[in-house]
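So the protein sequences, as listed, match chains A and B. Per our numbering, residue 1 is the first one in the first sequence, and the count goes up by one each step. Per our numbering, residue 1 is the first one in the second sequence, and the count goes up by one each step.
For the record, the hints were derived by calculation from the structure and aren't laboratory data. Take these hints with a grain of salt, some might be off.
Said to hold, decoys possible - The calculated DMTMM-like cross-link candidates involving lysine to aspartate or glutamate, where the alpha carbons are at most 20 Å apart (straight line), are:
1. A:K122 with A:E71
2. A:K163 with A:E71
3. A:K134 with A:E123
4. A:K122 with B:D62
5. A:K131 with B:E98
6. A:K134 with B:D101
7. A:K51 with A:E40
8. A:K131 with B:D34
9. A:K134 with B:E98
10. A:K131 with B:E91
11. A:K122 with B:E98
12. A:K37 with A:E151
Claimed, not checked - Derived list of chain A stretches under chain B, where covered just means 3 residues or more per stretch with a C-beta under 8 Å from a C-beta of chain B:
13. 15-21
14. 40-53
15. 87-94
16. 150-159
17. 163-177
Every residue, glycine too, gets a C-beta built ideally from N, C-alpha and C.
What follows is each chain in one-letter form.
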Amino acid sequence: MSSREGAPSGQAGGDLRDKALRMLRMLLVNRGRPGVKGWELRRRFGPGYLKVLEVVGVEAAKLGLELRSVEEEGKGPDFARYLLVSSEPALEVGSPLTVVEAAALALIVALTYGGRGEVPLKEVQQELQAKLSKWRAEQALYRLSRLGYIEVDDVVRLGWRTKAEVDVERLARALIAIRPGGGGSAGPSP
Amino acid sequence: MCQLSARRRGDRSRIEARDRIVMLVDEVEREGKDPFSVSVGELLADLREDYDSDDVELLLADSRAIEALSRLVEMQDEWVEGRLLATISPEVLRRRAEALDARELAGALYSAQFPAVGVSNVNEVYLVRAAEYWEGLRPQRPPESPARRERPVTAPLEPDNFEEDLSSFRSRLMGALEGGGEVSLDEVLSGGREARVREAYLLAHLVTRGEVGLRYDPERDRYLVTPRPEGEVRSVVIEV
Numbered sequence: 001m002s003s004r005e006g007a008p009s010g011q012a013g014g015d016l017r018d019k020a021l022r023m024l025r026m027l028l029v030n031r032g033r034p035g036v037k038g039w040e041l042r043r044r045f046g047p048g049y050l051k052v053l054e055v056v057g058v059e060a061a062k063l064g065l066e067l068r069s070v071e072e073e074g075k076g077p078d079f080a081r082y083l084l085v086s087s088e089p090a091l092e093v094g095s096p097l098t099v100v101e102a103a104a105l106a107l108i109v110a111l112t113y114g115g116r117g118e119v120p121l122k123e124v125q126q127e128l129q130a131k132l133s134k135w136r137a138e139q140a141l142y143r144l145s146r147l148g149y150i151e152v153d154d155v156v157r158l159g160w161r162t163k164a165e166v167d168v169e170r171l172a173r174a175l176i177a178i179r180p181g182g183g184g185s186a187g188p189s190p
Numbered sequence: 001m002c003q004l005s006a007r008r009r010g011d012r013s014r015i016e017a018r019d020r021i022v023m024l025v026d027e028v029e030r031e032g033k034d035p036f037s038v039s040v041g042e043l044l045a046d047l048r049e050d051y052d053s054d055d056v057e058l059l060l061a062d063s064r065a066i067e068a069l070s071r072l073v074e075m076q077d078e079w080v081e082g083r084l085l086a087t088i089s090p091e092v093l094r095r096r097a098e099a100l101d102a103r104e105l106a107g108a109l110y111s112a113q114f115p116a117v118g119v120s121n122v123n124e125v126y127l128v129r130a131a132e133y134w135e136g137l138r139p140q141r142p143p144e145s146p147a148r149r150e151r152p153v154t155a156p157l158e159p160d161n162f163e164e165d166l167s168s169f170r171s172r173l174m175g176a177l178e179g180g181g182e183v184s185l186d187e188v189l190s191g192g193r194e195a196r197v198r199e200a201y202l203l204a205h206l207v208t209r210g211e212v213g214l215r216y217d218p219e220r221d222r223y224l225v226t227p228r229p230e231g232e233v234r235s236v237v238i239e240v
């Protein structure tokens with residue numbers, strides 16, 4: 001890390017944009033999992049990193065991307081994860097999840113909908129196994145947990161990645177709009 | 001004079017009617033009233049009655065009114081969405097999710113998932129270097145012309161047939177040039193691509209021997225075959 005990168009805020013607009021483009025590149029490069037923690041950005045871009053993030057949002061929008069942050073409950077922006085997501089849904093741009101994993105996640109979101117933050121693991125396993133084979137259900141839970149979509153111990157909670165990537169209200173509308181048996185549409189207009 | 005002022009009064013009242021639409025929408029928005037209490041259809045029908053006016057002030061008022069009505073439709077959309085979400089109870093959603101098969105559930109998720117984006121297996125230094133490389137390539141890349149993509153066609157001229165072909169082409173050409181006029185190259189050459197290449201070669205041979213000439217007509221961007229030219233024989237490159 002150079003001393004220039006850690007310079008405090010208060011620089012000229014051009015410098016701010018230059019920093020924003022460097023931050024955008026940093027956010028684009030995956031290091032195992034998408035996104036960068038706030039404290040990493042502070043260490044590299046100085047205490048004014050939140051201001052730089054605002055410019056990153058504008059620059060990202062030009063590329064069809066959206067800057068999202070996932071905050072940890074009760075902790076400040078330094079502990080939030082900042083990441084870029086596509087402005088278009090996975091239906092258009094593709095998803096990192098297979099059909100089985102996506103189905104499992106949709107079911108888990110439906111089970112935790114309406115303020116019910118967590119569901120007993122046994123209940124989730126039971127619901128999944130009613131639709132998928134036992135082996136597939138276990139695999140999906142493992143993969144979703146590994147990718148950060150869910151947190152699993154005795155209970156299942158939605159993970160940081162679901163909070164960042166999935167529009168829960170939109171999913172609820174989509175689930176309601178489908179007529180079981182293939183009659184409805186999975187993608188209602190927003 | 002009287003008619004003119006009456007028309008102005010008419011325009012004034014029409015502009016005021018449009019401004020009232022804007023105020024009505026502002027009021028619905030400000031006070032959070034039911035957006036369906038305003039009949040968008042009727043208001044649009046009113047606006048449609050005299051939409052063909054060429055008065056600038058009236059057109060601007062039209063534009064403001066249409067913009068306000070579009071905001072109202074957006075409010076109606078949000079209203080319906082809010083009502084829909086209010087009716088979706090956790091229990092209803094759970095039952096619905098349980099009734100769907102895996103493919104339907106996945107389809108719903110894909111429509112609501114906005115996946116994280118990132119570049120894998122490359123660090124920032126190489127990402128920048130790759131971007132610079134591609135940027136650097138751009139101006140150097142020659143523009144592709146459709147002609148360049150065409151497959152070259154060869155037309156074999158058998159030694160045995162050459163004199164025969166040349167003689168028949170020559171007599172056809174001389175017949176066309178009879179009377180001392182000029183003929184367009186397109187009229188002389190046949191339609192097929194292979195035959196054109198073959199005849200172009202024969203024509204080149206005749207031009208080189210000085211039996212006929214070729215002249216470019218810049219006005220119509222074409223080549224003309226001329227009778228035997230006077231003086232020095234000149235070669236001309238033609239595109240077939």
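Hint check results:
no., hint, result
1, A:K122 with A:E71, "28 Å, violated"
2, A:K163 with A:E71, "9 Å, holds"
3, A:K134 with A:E123, "13 Å, holds"
4, A:K122 with B:D62, "62 Å, violated"
5, A:K131 with B:E98, "8 Å, holds"
6, A:K134 with B:D101, "16 Å, holds"
7, A:K51 with A:E40, "15 Å, holds"
8, A:K131 with B:D34, "42 Å, violated"
9, A:K134 with B:E98, "16 Å, holds"
10, A:K131 with B:E91, "18 Å, holds"
11, A:K122 with B:E98, "16 Å, holds"
12, A:K37 with A:E151, "18 Å, holds"
13, 15-21, "violated (count 0)"
14, 40-53, "violated (count 0)"
15, 87-94, "holds (count 7)"
16, 150-159, "violated (count 0)"
17, 163-177, "holds (count 13)"
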